[in-house]
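Asks: All chains should be modelled from the sequences, with the hints used to inform the complete structure.
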Amino acid sequence: MNRPRLRWHIVVFLAPAVLVYTAVMIFPLFNTLRLALYTEIDQTRVFVGLQNFQTLFFDPIWSEQFWNALGNNFWFFLIHMLVQNPIGIALAALLSHPRLRFAALYRSAIFIPTILSFVIVGFAWKLILSPIWGIAPSMLDAIGLKSLFAPWLGKEEYALTTLALISVWQFVGIPMMLIYAALLTIPEEILEAGEIDGITGASAFWKIKLPLILPSIGIISILTFVGNFNAFDLIYAAQGALAGPDFSTDILGTFMYRTFFGFQLQLGDPHMGSAIAGAMFAIILVGVCIYLFGIQTRMRRYQL
Amino acid sequence: MKHTRLKLALLGTTLMATTAYAEDVTLTIESWRNDDLTLWQDQIIPAFEAQHPGIKIDFTPSAPAEYNAVLNSKLDAGSAGDLITCRPFDASLALYDAGHLSDLSGVDAMSNFSDVAKSAWQTDDGAVTFCVPMASVIHGFIYNKDAFAELGLEVPTTEDEFFAALDKIREDGTYIPMAMGTNDQWEAATMGYNNIGPNYWKGEEGRQALIAGEQKLTDEAWTAPYATLARWGEYLGDGYEAQTYPDSQNIFTLGRAAIYPAGSWEISGFNTQADFEMGAFKPPVRNAGDTCYISDHTDIGIGMNAATEHPEAAETFLAWVASPEFAEIFGNALPGFFPLSDTPVELQDPLAKEIVGWRNECESTIRSTYQILSRGTPNLENETWGASVAAIKGAKSPEELGAELQEGLASWYAPHQ
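Heads up: the sequence lines are chains A and P, in that order. With the first letter of the first sequence counted as 1, position 258 gets the number 258 in UniProt numbering; the numbers rise by one all the way through. With the first letter of the second sequence counted as 1, position 54 gets the number 54 in UniProt numbering; the numbers rise by one all the way through.
Any given hint could be a false lead.
With a straight-line cut-off of 30 Å between C-alpha atoms, the simulated BS3-like cross-links for lysine-lysine are [claimed, not checked]:
#1 P:393 - A:126
#2 P:168 - A:155
#3 P:393 - A:146
Computed, partial: chain A to chain P, Cβ under 8 Å [stated by the list, open to error]:
#4 131
#5 148
#6 151
#7 153
#8 262
Read the hints as simulated data drawn from the structure, not as lab findings. Treat the numbers as computed from the prediction; the structure is a model and nothing was measured. Ideal placement from N, C-alpha and C gives every residue a C-beta, glycine not left out.
Replies: Structural data, given as structure tokens:
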């Protein structure tokens with residue numbers, strides 16, 4: 001009776017989650033990667049190895065679209081990192097101020113867009129910014145700044161930034177909430193000890209609170225990265241699958257959709273589509289690894 | 001869980017109930033025209049069933065944007081309906097090549113259609129026809145008659161007159177000269193480039209020459225429409241860059257714009273929306289007296305699922321769809337979708353009648369990019385959308401656009417290499 005008893009309850013309790021997760025996530029993921037190694041010639045599926053990836057990266061027609069989408073993706077991500085996360089942190093810092101009135105109201109109001117559907121957000125902002133029916137031109141007109149208005153979503157040079165800012169508006173509640181929660185866990189004693197040493201107000205934030213919430217900021221950055229490189233919905237809802245004008249808002253998600261499912265006269269090509277999905281997976285994997293091994297392990301943590 | 005069980009049980013009983021009654025053959029139609037559901041149920045199906053006892057028809061449309069994907073997966077799974085509504089050209093050709101659509105060349109009623117009408121549902125060599133043509137849409141311009149009367153404008157027939165009219169509307173300032181936006185991109189190509197283009201490339205002549213590789217997209221006939229489109233920009237409303245397709249429709253039907261570059265499919269919608277009188281004029285010709293060409297685009301057909309269990313009944317239905325009787329019901333119930341059969345159909349709607357009348361005055365062609373040329377990567381149709389938008393915005397010169405499109409086409413299409 002020395003053999004360790006097989007603990008069946010562990011298997012039983014794990015089984016549902018493992019089975020469901022395998023069926024809807026792991027299997028499709030690997031099957032997609034497998035599909036990327038095939039192509040269709042005369043109604044039959046043929047194994048072609050890495051040829052689809054070669055086409056994607058080196059054929060000028062495909063690679064131009066791919067790099068354009070990837071570049072747009074990085075710009076989309078950059079705007080989120082530069083606008084969404086600092087604003088989220090600032091809002092959290094304001095909200096955690098003990099003397100702020102109606103904090104709960106602001107908190108809910110800022111968080112609500114996060115739970116809205118992309119379709120609603122895309123449609124509502126399209127209407128707000130519409131040069132014909134929108135309230136943006138008339139509001140600018142009311143303060144005499146009509147000349148600043150442009151049909152932003154229709155101009156190559158502004159469309160992507162506009163959409164990124166719409167997405168920031170929608171999701172700024174997430175970093176705010178996470179940072180807010182992190183700020184609440186900072187014990188009062190530490191801040192009071194700092195006060196005795198003469199660190200108050202803004203410098204208390206920079207010197208005490210910020211170092212303590214850095215791990216949360218790291219998590220938010222990685223969530224933003226994964227979310228942005230998987231993004232698709234907002235662009236599709238606002239600009240359609242062609243990600244106009246002139247592909248200026250095309251990101252990897254819309255590029256993949258167009259290729260995989262086809263669009264208008266373009267027939268769907270599941271194999272090239274899978275190759276793009278594989279490339280997206282690799283990019284996200286590399287990004288997450290850089291964070292996990294390059295940044296997270298070096299981050300200093302403080303015992304509170 | 002309980003609910004799904006219940007649903008399954010209910011489904012089971014309904015299925016048994018239907019099979020119990022079904023001495024009759026029931027044919028199911030796959031379609032993307034969910035807008036036409038009531039028309040099928042109230043007019044087309046009763047008319048057919050009255051004449052053909054023993055055959056029941058079930059019209060089961062899905063959403064237009066999802067149709068191709070839904071249909072393909074149903075066909076692969078063997079659960080698709082007996083009759084299949086056919087998109088024009090390659091989408092349906094792919095289905096035929098994959099063995100999902102039956103060869104209908106032998107059906108007698110096929111002789112009711114011209115070669116151009118059938119071309120959308122034939123193999124490249126024209127040997128096999130696999131769908132019965134149902135309807136086409138015609139391009140042109142719909143205008144606000146009240147606005148034209150108010151400004152004392154004549155209906156333009158040449159391009160000079162067209163731009164003179166636009167200038168006059170703009171000077172007056174009451175109306176936006178032309179309602180079109182570039183946000184959704186396809187209007188610029190479909191209602192812009194392929195609307196006015198046939199007058200430049202001489203319809204079928206140019207289109208066939210392009211397919212054969214005898215003309216190039218860098219030729220004057222193919223770049224000049226972009227030069228004309230470039231002049232449109234200044235007559236579209238403020239902020240047209242972000243104006244969507246529904247925006248344009250609303251601007252026109254609210255009476256804020258004078259001219260709407262259109263496809264005939266707009267007619268029934270506009271009839272219910274607009275409370276002013278509408279007229280239509282065909283794409284203006286370049287010089288007075290030129291032959292006019294119109295885009296009379298084959299848009300919808302119907303074929304038979306090769307795996308159907310009731311091929312005879314399905315053929316009976318298809319033969320009826322090819323008959324003048326169907327054409328009359330369909331053409332009148334859906335003004336703007338014009339029956340393709342050779343027997344002329346008497347249409348009731350004045351606007352539809354006006355537009356279909358152009359068939360007698362002008363040469364018909366279809367959209368230049370649809371047959372064969374959009375088969376490869378890059379996709380010429382999608383590229384044309386972008387090019388037409390760039391032309392209207394003035395972002396690129398017509399010559400640059402022609403060169404880019406030609407380069408893309410030549411990269412995969414042998415006759416152009």
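Asks: For each hint given before, does the structure comply? Return the numbers of the non-compliant ones in rising order.
Replies: 5
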